[in-house]
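S.K.: With the hints as your guide, set chain B onto chain A.
Going down the list, the protein sequences come from chains A and B. Counting in this note's numbering, the first sequence runs from 2 upward without gaps. Counting in this note's numbering, the second sequence runs from 2 upward without gaps.
Simulated from the structure, these hints should not be mistaken for lab results. Be a bit skeptical, because a hint or two may be false.
Identical copies look the same in the list; a pair holds intra-copy or inter-copy alike.
To be verified - Computed list of lysine-lysine pairs in DSS-like fashion (alpha-carbon distance at most 25 Å, straight line):
#1 LYS56 to LYS77
#2 LYS128 to LYS95
#3 LYS145 to LYS166
#4 LYS128 to LYS112
Number of protein chains: 2
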Amino acid sequence: MRIVTVSREFGSMGRELGRRIAEELGLAYYDREIITEIARETELDEGFVARVIEKGVKLHPAHYGVTFSVPLVNKKIIDVMVAQRDIIEKLASKGECVIVGRSADAILSDKRPFNAFVYADMETRIKRCREREGANGLTDKEIKRRIQEIDKGRAESRAMFSSLKWGERASYDLMINTTDVEIERIVPAVAAYIDAWFKCRGV
Amino acid sequence: MRIVTVSREFGSMGRELGRRIAEELGLAYYDREIITEIARETELDEGFVARVIEKGVKLHPAHYGVTFSVPLVNKKIIDVMVAQRDIIEKLASKGECVIVGRSADAILSDKRPFNAFVYADMETRIKRCREREGANGLTDKEIKRRIQEIDKGRAESRAMFSSLKWGERASYDLMINTTDVEIERIVPAVAAYIDAWFKCRGV
Numbered sequence: 002m003r004i005v006t007v008s009r010e011f012g013s014m015g016r017e018l019g020r021r022i023a024e025e026l027g028l029a030y031y032d033r034e035i036i037t038e039i040a041r042e043t044e045l046d047e048g049f050v051a052r053v054i055e056k057g058v059k060l061h062p063a064h065y066g067v068t069f070s071v072p073l074v075n076k077k078i079i080d081v082m083v084a085q086r087d088i089i090e091k092l093a094s095k096g097e098c099v100i101v102g103r104s105a106d107a108i109l110s111d112k113r114p115f116n117a118f119v120y121a122d123m124e125t126r127i128k129r130c131r132e133r134e135g136a137n138g139l140t141d142k143e144i145k146r147r148i149q150e151i152d153k154g155r156a157e158s159r160a161m162f163s164s165l166k167w168g169e170r171a172s173y174d175l176m177i178n179t180t181d182v183e184i185e186r187i188v189p190a191v192a193a194y195i196d197a198w199f200k201c202r203g204v
Numbered sequence: 002m003r004i005v006t007v008s009r010e011f012g013s014m015g016r017e018l019g020r021r022i023a024e025e026l027g028l029a030y031y032d033r034e035i036i037t038e039i040a041r042e043t044e045l046d047e048g049f050v051a052r053v054i055e056k057g058v059k060l061h062p063a064h065y066g067v068t069f070s071v072p073l074v075n076k077k078i079i080d081v082m083v084a085q086r087d088i089i090e091k092l093a094s095k096g097e098c099v100i101v102g103r104s105a106d107a108i109l110s111d112k113r114p115f116n117a118f119v120y121a122d123m124e125t126r127i128k129r130c131r132e133r134e135g136a137n138g139l140t141d142k143e144i145k146r147r148i149q150e151i152d153k154g155r156a157e158s159r160a161m162f163s164s165l166k167w168g169e170r171a172s173y174d175l176m177i178n179t180t181d182v183e184i185e186r187i188v189p190a191v192a193a194y195i196d197a198w199f200k201c202r203g204v
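If we strip away everything but chain A, and leave its shape as in the complex, we get (with noise of 0.2 Å):
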């Protein structure tokens, strides 16, 4: 069964280029709405969801156990990332899908998926949040610092799953720099790779 993972740096247009070999493959996208689905499932709010996953809320572990405010904030850590675990499984056992960010890597590699590193450089990506969100009356260093920040936080969230780090090529199949790079142009060469690394696999 093939499942890609897409793992990306803020603003390297990792999200496009997954939803787009998605179609090109005929797979499955699951993408925010896994958020939406952990915070029904916990009945926890979407923010503090968003939060724990996209930007890694670090546990105390020193406190656990305690009963005060830190563990409660523990418990409910602990409760989006079982539910996270468990609805990515899920999704992962109804068919062949892609699924961009969310640690799904890290979380499903017992399944062995195709798992893609999606980056640019800086100024590029500087400029295409820019261009995405407006600049908000943000200079280039607070954009780049909000980026450094959330890249930040996908390593450390994706952390507590894996030992693998975040961003590293021993972590990926396959790592592409999308630095003045057409998303539309490249979709059917990555396609076609994941295709040939699948068969490789006699999947």
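M.R.: Okay, now just chain B, sitting in the frame of chain A:
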């Protein structure tokens, strides 16, 4: 003009992938002959040239200019590096090509080549080295140490030409993990990716 460089971990099959991509795209292919050409140009021993380029013999700047043996070695190393740069630039200016190794990505950065990096997990690389070169009585541990030494050399040799690091994603346009991959199966997709990448640049 399409120039493709292929950097690779030892045992990753990067050389074979580079050769086949050149065939697929109809480009010239340069690899070990660069060493022979440098030896001819510098009138130095081919083994010494290979050591400097592939094993990253370090300069000893503290001694430079002092008339002991170290500066003599340093002079030869610099001769090799100058010839390496000149010959790779000459090859690239002759026409479209694929160059495997020899820090061509760093040397040719002004020409904006497509830079690929090929890697695989250690287990796969040990297995391939064993199949390719025979056991030679070496244990897996000894083969692993040899692989690590060669990769360290490649990283050091490249560091003479660029501050962007060997093996780090920012240095490359596409990073390909060949663990459990049959090279011939992925060649068309990789060639298509490279073709699309150049088209994004109007090349």
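S.K.: Does each hint fit the structure? Answer for all of them.
M.R.: Structure-based check of each hint:
1. LYS56 to LYS77: This pair counts as within: shortest intra-copy Cα distance 15 Å, inter-copy 52 Å.
2. LYS128 to LYS95: Answer is neither; intra-copy 38 Å and inter-copy 36 Å both fail.
3. LYS145 to LYS166: Both: 22 Å inside a chain and 22 Å across chains, each within 25 Å.
4. LYS128 to LYS112: between (36 Å within a copy, 24 Å between copies)
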